[in-house]
Structure formats: C-alpha cells, structure tokens
Amino acid sequence: MSAPSLVTPAPTVDPVPAPPGVIDRLIAVVGERNVIRDPVDLRTYECDALTSFRATPSVVVLPASTEQVTAVVRIAVEAGMPIVPRGAGTGLSGGALPVPGCMLLGLSRMKRILEVNLDDGWIRVQPGVINLDVSKEISAAGYYYAPDPSSQGVCTIGGNVAENSGGAHCLKYGFTVNHVLGARLVTATGEVVDLGGTARDTPGYDLLGVVVGSEGTLGVVTEVVLRILRKPEATRTFFATFPSTDEAGACVSEIIGSGIVPAAIEMMDRLAIQAAVAATGVDWPDVGAALLVDVDGCAAEAEHTAAVAVDIARRTGAIEVRVPRSDDDRMLMWKGRKSAFAAMGRLAPNYIVQDGVIPRNDIARVLAEIARLSDERGLRVANVFHAGDGNLHPLVLYDAKVPGQEHAAEELAGEILRICIRYGGSITGEHGVGADKAPYMAEMFTEADLDTMAKVRCAFDPGTTFNPGKVFPTPRLCGDRPGPYRPHTTELAGLADRG
Amino acid sequence: MTAASIDALAAARQERPGTLVEAAEVLRRAARENERVLFLGGGTELSLGAPPAGVEVVLGTERLDRIVEHAPLDQILTVEAGVRLGSLQAVLARSGQMLALDAPWAARATLGGLVSTNAFGPRRTRYGGIRDLIIGISIVRADGTEARGGGKVVKNVAGFDLPKLMVGSLGTLGFVATVTFRLHPLPEAQGTVAFADLDADGVRRVVLALRQAQLEPGAVAALVREGGDDLGVRFDGRFELGVRFEGFEAGVRQQAAKLVELGTREGWGAELLDPGTAAAFWSRHDRAREAPAGFRAKLSAQPSELERVANAALGSLFPVLEHPRAVSYPVLGLAFVAGDVRSTGPVVAAVNAAREAVPQGSVVLHAAPPEVRAAVNVWGPPPAALGLMEQMKDRLDPGRRLAPGRFVGGL
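Order-wise, the sequence lines are chains A and B.
For the record, in the first sequence the residue sitting at position 188 is 188 according to the numbering used here, with numbers rising by one throughout.
For the record, in the second sequence the residue sitting at position 234 is 234 according to the numbering used here, with numbers rising by one throughout.
Think of the hints as simulated: they come from the structure by calculation, not from any bench.
Virtual Cβ for every residue (Gly too), placed ideally from N, Cα, C.
Partner residues are not named here, just some residues of chain B that face chain A (Cβ under 10 Å, in silico):
{"id": "1", "residue": "Asp-74"}
{"id": "2", "residue": "Gly-151"}
{"id": "3", "residue": "Lys-152"}
{"id": "4", "residue": "Pro-163"}
{"id": "5", "residue": "Ala-213"}
{"id": "6", "residue": "Glu-216"}
{"id": "7", "residue": "Glu-249"}
{"id": "8", "residue": "Pro-303"}
{"id": "9", "residue": "Gly-380"}
{"id": "10", "residue": "Leu-388"}
Below, simulated DSS-like cross-link-like pairs (lysine-lysine); rule was C-alpha separation at most 27 Å, straight line:
{"id": "11", "chain 1": "A", "residue 1": "Lys-335", "chain 2": "A", "residue 2": "Lys-172"}
{"id": "12", "chain 1": "A", "residue 1": "Lys-172", "chain 2": "B", "residue 2": "Lys-258"}
{"id": "13", "chain 1": "A", "residue 1": "Lys-136", "chain 2": "A", "residue 2": "Lys-335"}
{"id": "14", "chain 1": "A", "residue 1": "Lys-231", "chain 2": "A", "residue 2": "Lys-111"}
{"id": "15", "chain 1": "A", "residue 1": "Lys-231", "chain 2": "B", "residue 2": "Lys-258"}
{"id": "16", "chain 1": "A", "residue 1": "Lys-136", "chain 2": "A", "residue 2": "Lys-111"}
Turn these sequences into a full structure, and let the hints guide you.
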C-alpha cells in the first residue's frame, strides 16, 4: 500500500450548490447571518489545522441551541446532505474536513457555560466553550479541568469530545473520555438523547464511552457534563538534559518502574530543543535529549516522588537537572514544550506533525529506527512526545520547494506509523484518525474489526450522514436495520398492513 | 438467579472451550442452529438482570484462564476471559503491580464477568471504574466473527471504543474473549482513618472536607451496622466511615495526619486505625458486599444526594429485610443495600420508594426473588437512550440470541 497523501493540497473547486430550498429553510432556523454560502467566506471552512486537505462545503450553518441543531440536522437529512460537525478547527487529522456537497455544522456560537456544581464536581457546558475557559471559570474556587491538549487556549470542548483529546497530563489523569460524565446528542433522526449524567452508572450500554472519540461520525453533541478536579496541593517540576534519547528513555522507564505515576513526563530530542529555544527564548542547552517532568499530589508525596525521580535521572545519565525557581520559571519551561510544534517553522519551511503510540519500553528502539529512516531518506525528524504513555510526535521537516521532498516526507511519516503498528502500538494517540489516517486503519485493524466498528456506527447513524469519509478506510453502507421483524406503528394502529 | 432458571441453565448444552478458536466455533454453531447463548464466568452475578429467556447453550470460560501477556515495564496486561481476579492479583503482586480493581468475590470472579457486569470496589474512588482501566478487548460476535477494539497501549484513539461498549453489557452484545488493562504500581504503604459514628450529613461533610484539604484517598466507604434476623430492624441513620490513603509512605502519613487533625478539630471523632483494626474495617466492608443475600440493590445518585437517598432507601428497606446491611461509596454517589426477603409486598414498596427518591439516579436490583421481580423492573424505568441501545443490540446480535431479555429494556 502506498502512503496516503498527507500534504498534497486538493484543488479548490467551486462549492456544490445546496439542494433547492435548503438555504431558505436554514435561514428560517438560524437567521440570515448564520448561514454562510458566499464562496469566498466558505473558504474559511475548507480545512482544519491539517491544511493539506481541502474541500469546500455547500453551506456552513452556525446554530445557537440544541433546538436549532436538531432543526438543521433534519433539514440536511431530508435534503440528503452529509453533515460535518466542526468546533474551532484546530484538529490535526482532517476530522473537520468538509466533503463536497455537505452542510458544515459549526458549533462556535454555542459557547456558554451552563452550570457549575463544585460540590458534586462537575460543570455543564456547550460544545463551543474553549478548553482553557473551563479551568478559568473554576480556578478561583481551586478547581480545574484536567485534559490539556497543547491547543487548549483555542480548541473547543466539543472538538475535544469528538477526538477524545489528551494532553501532557493524561498519563496520570486520563483523557477526555475519563472526564465526560454526560452528553446531549442530536442523532441523525433529529432526536435529542441524553447519555450518561451527573449520577454514575446509568443503566444500559455505555454509549457515552462510544460517542467520545467517535470523531463526529455518530451525531452532534450539544451539551457536555465534565468532571472537574480539585487542584493538587503541590506540583514539582524538573527539567533534565541527557546526552541522547537512549539515556532519557531509560530514565522514563526507571521512573515509571519505581512506582511513580508522574502527572507528565515529556521528552524532546536535539532538534526539538533547538526549535523551542529559537521560538520561545528558553535557555536550554544544545543536548541530545531533555525530559520535562511534573509530579503532583499532597506536598509530602510530591516532594518524595520528585526527589526519587531526580535521583533516577542523575543515575541514568542526566547531564544536568534544573528545578524551576518560581512559578513563572515553571510556566516558561512548559511554554517551551507546548510551543514545540509551532517552533518547527524556525528549522524548516515545512513539516508534518505525526502522532503514533508505542509501548513505552520500546521508546529507544523505535527512536533508533526513526533515526535510521531519517538518515536513509535525508530528511530531518524532530521528536517531541509524551514519553510516559509512549505517545510519539515525530515532526518530519522538509522544503516543499525542493522537488520530490514533500513526497519523501509523506512516505517517511507513513513509515513511522507502520513502525508503531509493528511494535503493537497505535496509529494515533490523540490527534484522531480523521481523513488523514483512515487508510492506515486497515493496517492496524482487520476487516472484521472494522466491520464491527461499522456496525456500531450504523446503530447511531444508518444513513452515514455524519462526517462520511472519516475514520473508515473505505466507504461503508449500513443496509437495513437487521433484527427480528417488528410491526411498524401504523400497522399496529391498523392503518397499514404488510399485504 | 432463581432456582427455576438455574435448572434451565443446567439443562442447556454446556460448552467449555479451551481456546478462543474453540469459543468462536461454539458461537458459529449456535448461530447456524439458531441457539440462544449465555456466557458464564465465576457465576458471582448470575442474578443480575432478568433471567434470560430460554437458553440452549451455556458457554463457560473456566478453561480460558491464561494470562496472554503481562508487560511489567509497560504496565499492561492481557488476559483471557476466565482468569480469576484473586489469582491474577497474586501474579501481578510479584512484579509490584496491581489491577486497580477490588471487586467482590475476587477468588471466584473472572475478568470477563467483571467487565460484563461493570463490577467495582472501593478503589474506584481513586482509580476509576473498569471503563477507566480497560484499554483493549477482543470479542466474538453473535455470528462467530472475532473482532478487536482498542489495543495494548494506554493512549490510543484509533477507531470506536469497543472496550467501553462491552463494559457492563452483560453478555448481550458479544462474547468477551480477552481483555487488556492498564496496571498500577502496588502502593508502598496504606493507612485508614475511621469516623466511627456519623450521620448522613456528617459523611457528606467529611467528603467535602477531604477535597477542600486537597487530600487524595485511594478508597472511601461508609458502612451501616448490620441488622439481625428479626424484621423491623430500624435504620438509625448512622454510618461508620473509612478513608484509606495509599501510595508512598511519606504521602500516606502526611495525609492521614492531616485528616485526623481536621476531623478532631471539627469534632467528627477521627482516628487513625492500627493495621489490625483497619483490616477489620475493610473486611466488614467486604462481608457487607459479599455475604449471600436474596436481595441486593445498587443505588446511584449525585454524591451530594447519596446519603439523603440512602437514608430514604435504607429507612424503608431495613425494616422489611432480614440481616439488612449497606455499603456506600460517598465520593462516587454509589451504594449497595442487601438482605433477605421474607415478605414481598413491603420490599416492592420500599424499592419503589427508593426509586422515587432518586429521579436523576437509579436503583438496580442485582438480586431479588421472583415475586419481587414480577412486581418491579429490576433495571428501573427505561433509560433515555433505550432506542439507540436497541439499535446497537440489533446490529451486533440481530437474532437476539445472546442472553436474550436479560438486559435493560428486555434486550
């Protein structure tokens, strides 16, 4: 199988017009200025943060309430239009990429925080609320929302729910799915269904667990109940430099092996460190690898685990261990790490952000394989990753102006995913499958696995209205609902029969 | 499960596959012959749900008892469905690790069964439930197709979350063949602080104070004194609360001391238990969960409502049950009430009263005699998403042959 196109832009074409009458009906629901159909305005929505894939929707609708979402979903379904939901468009896998002829359903206007319940530890929000704004809302009371993707200042909760977003601190605290207690879902039939809730263990199947991370393929989430946590008493951070990723990898394994569950343990290689220095001005030395570690908990526990972890770092070959002198100092260290992707622009005109997962203990072996590929292909690869859970973010650097280099970069990025699969890992740890990695699903999963997932999708959306072309490597139709024959309600009422 | 339905199961064809290939063959044959199938692990929660309607095949997992993979450095584990929780923990302990799941009946309960019933114990307070620990699954569908979801790395968002879909699905969507979990380090130390005599409001105040003081307990449970074999044992509204800290010695000592100080200052009567007394508290907890009972109900409410709800439920159930007992997990908003039924009518009335007290939560009967089951739905009112659940059942088990009728809404 050849590498799918990661970077080749699709030619921009004029939008497929919406079927007759649809625009007027949408305007009647959400108002003139929330129905975008000017071809120039539509271009804003032709891609998400994976800018190499582009397609123009027929229309963009910006509803403001669950009722409006329900109404516009019904209009699209009746008109036979696919629906592509979108939050802030920060996704890196093309999950919000329009399909030609679709109605793009933007949730950016639904950005109200609806209810805060500190005693029971939850907050109810609309999907367009920015991730960081959740923590800001409750910070003064000493609470926070744990999942912290690097884009948390701009990405929305709805998008986080769709992608099951992670972040640096999910090793200890889990992913979005571990923090969503309930969600209101608008289905393909325009029904509104509440999944989960503020009490645990709602009887029935855990459909909430399926909806989180389903990348907008099962319905539209219009309200979310999030679990919020009390801030830990203490957080201890340190930054350690190593001659190479071998020693840094060994340090990670030993820290985890000692029984410590760090809140975060991030690794950067030489290129990533150089980029962060160039972009943010952190005074990090030019070394082969660095770790940024957070431990937290009660004060005595944080002190103890930080001391043990620092000791391990020294023992496994750290050149230097730095402890932040102040909160500002700590924030700067984290800024250096979180800006690493964007900082790559300092090192090369173009780059591909890859996202794959390997068993943690194979970090050194996999990095060696990536380095070998990088040498063979003559392309630099920077590595920034969540080392504690084996989530790699290799950044493949290239120059699109050099003939053939873009294609070679695509090939290399694809090879890295195959390494992840070969080591028993995953093709995505947090960026999602989207349009980008759908072809690789067939390499990670068998036909039977994918068929089973398709059945799950059909249970929610038998017409595959929502976000078609994402997640699955090949289009799948659902066919009729199987199962025992059940008389239609009109038959029961004597209005029809099966003659 | 009632005597009649146990007889019916005994009459069914008993299959004990020794490999996953054989298990798939059992399901393919059942599909060909249009037979209804029940999956059987340790049999600890057979009475959960309605008795399945007419089962021709019982697929037991006792020979599927291998640990497929334990990677201590990656802190992951894959087991076959029939592996028992107690013996698994003993194996993991040799590597200084544990599965953070302390569900009841560990000696008998199998991992396949625990996943299917969404079982849990007091550690859920800190580590979450099975849905937070499971990272991968392989299933055999009703048609005999083998399929996987998730994987063996902790962080993974490729494809739909089949593992979570299977948690608590009670064998009605497919056969859980193997399960992959994330593991945790065995805590170096633990210490329990007890509050001997609190009312419901006191329990709630301790829970809020724990959070306010930024304490992070590993387990929190409130027990109600067990009643005798006479009916009419009044619930007196008093709880015995245990808060266990676990982790590194320094952290455990600091947190326990802080809680004792806080509890003493507030006049709640906090005491750090010596190891023997702490063990006795937690074995009273285990006995309250595990002792045989003809009636067992699980209550779920918002944490702030739990004790009020528990009071309403316990106040009505205690006087009508023999040997009544109860455990509540106040941080989670979950509780169990158990005892034996001598007379149906008052128990039915008490269940209905408990349900009225938790409109936002649920009361599910994990065990009840047939007369009680005839009078109340063991699952309670149909959930809001029942329509979607029916669709899910029809997509994955279109012939409705897997534990038919046992689950919510007759699925």
